[in-house]
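Engineer: For reference, the chains in residue letters:
Protein chains: 2
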Amino acid sequence: MNVKNWKDVPGVPMGKDVPGVTKRVLVGADDGAPVFAMRHFEIQPAATSPYHDHDWEHEVFVVAGEGELVGEDGSLPLKAGDAAYVAPGEKHCLRNSGAEVFSFLCVVPMRGEAPK
Amino acid sequence: MNVKNWKDVPGVPMGKDVPGVTKRVLVGADDGAPVFAMRHFEIQPAATSPYHDHDWEHEVFVVAGEGELVGEDGSLPLKAGDAAYVAPGEKHCLRNSGAEVFSFLCVVPMRGEAPK
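Residue numbers (this note's numbering), protein chains in the order written: chain V, 1097 to 1212; chain P, 1097 to 1212.
Just so you know, the hints here were simulated from the structure itself, not pulled from any lab data.
Every value quoted in this text rests on a predicted model; they were computed, and no experiment measured them.
Check before you lean on any hint, since a few could be wrong.
Pairs involving identical chains hold if they fit within one copy or between any two copies, as the list cannot separate such chains.
Said to hold, decoys possible - As a list, the in silico EDC-like pairs of lysine to aspartate or glutamate whose alpha-carbon atoms are at most 20 angstroms apart:
1) LYS1103 / GLU1162
2) LYS1103 / GLU1168
3) LYS1100 / GLU1168
4) LYS1112 / ASP1169
5) LYS1119 / ASP1104
6) LYS1112 / GLU1162
7) LYS1100 / GLU1186
8) LYS1112 / ASP1151
9) LYS1112 / ASP1127
10) LYS1100 / ASP1169
11) LYS1103 / ASP1169
12) LYS1175 / ASP1151
13) LYS1100 / GLU1162
14) LYS1100 / ASP1113
15) LYS1119 / GLU1164
16) LYS1100 / GLU1164
17) LYS1103 / GLU1186
18) LYS1103 / ASP1149
19) LYS1175 / ASP1149
20) LYS1103 / GLU1164
21) LYS1103 / ASP1151
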């Protein structure tokens, strides 16, 4: 067993194609986790994750800030304490709709964290 | 996709054998989630989850309060923003070591939420 605070995990920028988004793997393959990975993301104001789909699910929990879960049928507001489910195959993105950093967990099956 | 705040999900007391512990399934089989389930727990001051083990992992994220992750080699303190990993087979419990409610997520493979 191990414990780490998300703020102590070095953040990794998602790259120039995804500006304003930083990722931290809180629990993953390096911890020996066999089935799923818990990641933490920070999205800066007005920034967004890519609009895309994949054949694995997301389970999201909002830590701080305000955002939106955008899908094909519109968007759902997100605030601290909200849990969101995105099914496999659903197009989606998460974007910051507020003035503060939008901070959330996104749990995925291990193949979604390290796609082969 | 769907969104729900943890406070809007009715809490289920864990029963008389586990006093002071309330559970909410935030994302689970009823949402169509195929691989893992995101649950939320509240543990009252001085209360604890059962000390036990099972052959699936826990991935924990502390939302509020202070607690301890207790294992065979001692205990690790837990506070808001901490992520904890408990491997399959490790004996463990989570207990509230503070004066406020200890509130955390515990993600498990689906068979850990609804053991057959």
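Engineer: Checking an output row: LYS1112 and ASP1151, CA cutoff 20 angstroms. Within, between, both or neither?
Structural biologist: Cα proximity of LYS1112 and ASP1151: none, with 25 angstroms in one copy and 41 angstroms across.
Engineer: Given identical chains, is LYS1103 near GLU1162, meaning Cα to Cα at most 20 angstroms, within a copy, between copies, both, or neither?
Structural biologist: This pair counts as both: shortest intra-copy Cα distance 19 angstroms, inter-copy 17 angstroms.
Engineer: Classify it for me, LYS1175 with ASP1151: is the Cα-Cα distance of at most 20 angstroms met within a copy, between copies, both or neither?
Structural biologist: neither (26 angstroms within a copy, 34 angstroms between copies)
Engineer: Up to 20 angstroms between alpha-carbons, please classify LYS1100 paired with ASP1169: within, between, both or neither.
Structural biologist: between (37 angstroms within a copy, 17 angstroms between copies)
Engineer: Measure nothing new, just compare the shortest in-copy and cross-copy C-alpha distances for LYS1100 and ASP1113 to 20 angstroms and report within, between, both or neither.
Structural biologist: neither (29 angstroms within a copy, 30 angstroms between copies)
Engineer: Quick one: LYS1103 to GLU1164, C-alpha cut-off 20 angstroms, is that within a copy, between copies, both, or neither?
Structural biologist: Classified as between; 19 angstroms across copies, 23 angstroms inside a copy.
Engineer: When no copy is specified for LYS1100 and GLU1162, does a C-alpha distance of 20 angstroms or less occur within a copy, between copies, both, or neither?
Structural biologist: between (24 angstroms within a copy, 14 angstroms between copies)
Engineer: Is it within, between, both, or neither for LYS1103 and ASP1149, if the alpha carbons may be no more than 20 angstroms apart?
Structural biologist: For LYS1103 and ASP1149, the Cα distance exceeds 20 angstroms both inside one copy (28 angstroms) and across copies (29 angstroms).
Engineer: Should LYS1100 paired with GLU1168 be assigned to within, between, both, or neither, using CA atoms and 20 angstroms as the limit?
Structural biologist: This pair counts as between: shortest inter-copy Cα distance 19 angstroms, intra-copy 36 angstroms.
Engineer: Given identical chains, is LYS1100 near GLU1164, meaning Cα to Cα at most 20 angstroms, within a copy, between copies, both, or neither?
Structural biologist: Between copies only: 13 angstroms across chains, 27 angstroms inside a chain, cut-off 20 angstroms.
Engineer: Quick one: LYS1112 to ASP1169, C-alpha cut-off 20 angstroms, is that within a copy, between copies, both, or neither?
Structural biologist: neither (28 angstroms within a copy, 44 angstroms between copies)
Engineer: Between copies, within a copy, both or neither: which fits LYS1112 and GLU1162 at Cα up to 20 angstroms?
Structural biologist: neither (23 angstroms within a copy, 38 angstroms between copies)
Figure legend: structure checked against the earlier numbered hints; hints not met, in rising order: 2, 4, 6, 8, 9, 11, 12, 14, 17, 18, 19 and 21.
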